[in-house]
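Trainee: Each chain, letter by letter, is given below.
Protein chains: 2
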Amino acid sequence: MRTFIVHGHPEPNSFNGALTRAAEQALAAAGHEVVISDLYAMGFNPVSDRRNFTTVLDAHYYRQQAEEANAAVHDGFAPDIQAEMDKLFWCDALILQFPLWWFGQPAILKGWVDRVFASGGRIYGGGKWYDRGVFSGKRAMCSVTIGGPPPIYSDRGLNGPIDSILFPINHGMLYFVGFTVIEPFLVHALARISDGERQLFLNRYRERVLSLAHAPTIVYPKLADFDATHVLKSRFLVHQDRAPR
Amino acid sequence: MRTFIVHGHPEPNSFNGALTRAAEQALAAAGHEVVISDLYAMGFNPVSDRRNFTTVLDAHYYRQQAEEANAAVHDGFAPDIQAEMDKLFWCDALILQFPLWWFGQPAILKGWVDRVFASGGRIYGGGKWYDRGVFSGKRAMCSVTIGGPPPIYSDRGLNGPIDSILFPINHGMLYFVGFTVIEPFLVHALARISDGERQLFLNRYRERVLSLAHAPTIVYPKLADFDATHVLKSRFLVHQDRAPR
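Top to bottom, those sequences are chains U and E. Counting with this note's numbering, you get residues 1 to 245 for the letters of the first sequence. Counting with this note's numbering, you get residues 1 to 245 for the letters of the second sequence.
Everything labelled a hint here was simulated from the structure, so no lab data went into it. Hints are not guaranteed to be accurate.
[As the list claims (entries may be wrong)] Examples of chain E residues toward chain U, derived with CB under 8 Å: (1) 47; (2) 61; (3) 110; (4) 157; (5) 160; (6) 164; (7) 167; (8) 231.
Fair warning: this is a prediction, and the values are worked out from it, not measured in the lab. Glycine is no exception: its CB is placed at the ideal position from the N, C-alpha and C atoms.
Generate coordinates for the entire structure from the input sequences, incorporating the hints supplied.
Mentor: Rendered as structure tokens:
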């Protein structure tokens, strides 16, 4: 199992850092290969614009998807973007490790997706999306630390259900490009738990990353379940298979 | 009506640019004041870390919220962050103008929220959140361009319902800090509509920004509707007032 961890936390000694190191050590000890993109340590620039490309399709009007399609044909992605794409194609499993900031990924990780997940057929496009996506057959998982305790993120919780909050990431990013999405690994209310509980979470996380190949996944509908306007054919599926709503 | 527009698109001549210019001209012509933060034009750096502060609480371990709380007390926010905070306190209405990228804000705008919406009592914290938030009494709206047509973003659409996709922004960012959230202004499938339809959208947008004070808002529960564990007291409210699920 080749695992690619994209890590988005500014403090190396944070619990996010401990989780990524625990994963790396457990996987390596079991004979697996691991590659880590530590975005803060790399000084990754998350702003998506002409810096994504070495090629230029239209110097006067910047259409991002058109530039992406042109770069895909002419091998024109900037070296930092191409390197991340190569890691995605190399891996069997992708982990996004991040603290939940403002109900989503820290901007440095959101921008990693904005820049690296390019259209034009390289990462998606031309009918390659969802279960027909480029990364179909690979697995992906979010590992997330969350400030508040579980009740506030429950179905009737003040902040809204965590499944709904992670839907744009799990469904909209990971499943969109073809990954089979593993149930997220969540650590809640980190500031309020004991050192012993932290060790317990690290142990659970080691077990989770060693079982990525058969960990429970989120069941989403397939493209064949939708009609020509991309609306579900069967009402039944909404309630049976769909995570949010 | 003092309006603050935060604009997150890399191409000045894009339709996002046209929408922001239309808003600016319509509001100015009607005698209103407008301030625009054009994040790409400003070269805004969306990466949240020690660059947010002129003060340092702990030089050895970076806890973002603790540094924010310290900066709030000692007036230690970096000048670029303080300037954005000042605009938020100045305005009566906030508009976030952006293209939907990967089911969320472009990283440059996500990072604007990560950095500017600081805890420690300046923007939130100490019981100041949701309807008791710092910006209670002010209004906010997302104006969003979306690649796909409406059916794919409907309740049973392939990409998921747009209300759910925007929930982390409308509820999680805007309502969290106290804004009354106006129904989003959405322009779908821009690449497939005619110039005439674009003009129609610009006209509709001019009308919308001129009516911000009484435009329809999203009804969310209030803090008083939740119990001590932040779970809704009444099951009834879930179905009556809550946008997603």
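Trainee: Now tell me if each hint is right for this structure.
Mentor: Cross-check of the supplied hints:
At a threshold of 8 Å, the smallest CB-CB gap from residue 47 of chain E to chain U is about 5 Å, leaving the interface hint in force. The restraint placing residue 61 of chain E at the interface with chain U holds, with a minimum CB-CB distance near 6 Å, inside the 8 Å limit. Annotation: interface hint on residue 110 of chain E holds; nearest CB of chain U at approximately 4 Å, less than 8 Å. Checking residue 157 of chain E against chain U by beta carbon gives a least distance of about 6 Å; that is within 8 Å, so the hint holds.
A distance limit of 8 Å between C-beta atoms decides the matter here; for residue 160 of chain E the minimum to chain U is near 6 Å, and the interface restraint holds. For residue 164 of chain E, the interface hint holds, the least distance from its beta-carbon to any beta-carbon of chain U being 6 Å, beneath 8 Å. Restraint check, residue 167 of chain E versus chain U: the minimum CB separation of about 6 Å is within 8 Å; hint holds. At a threshold of 8 Å, the smallest CB-CB gap from residue 231 of chain E to chain U is about 5 Å, leaving the interface hint in force.
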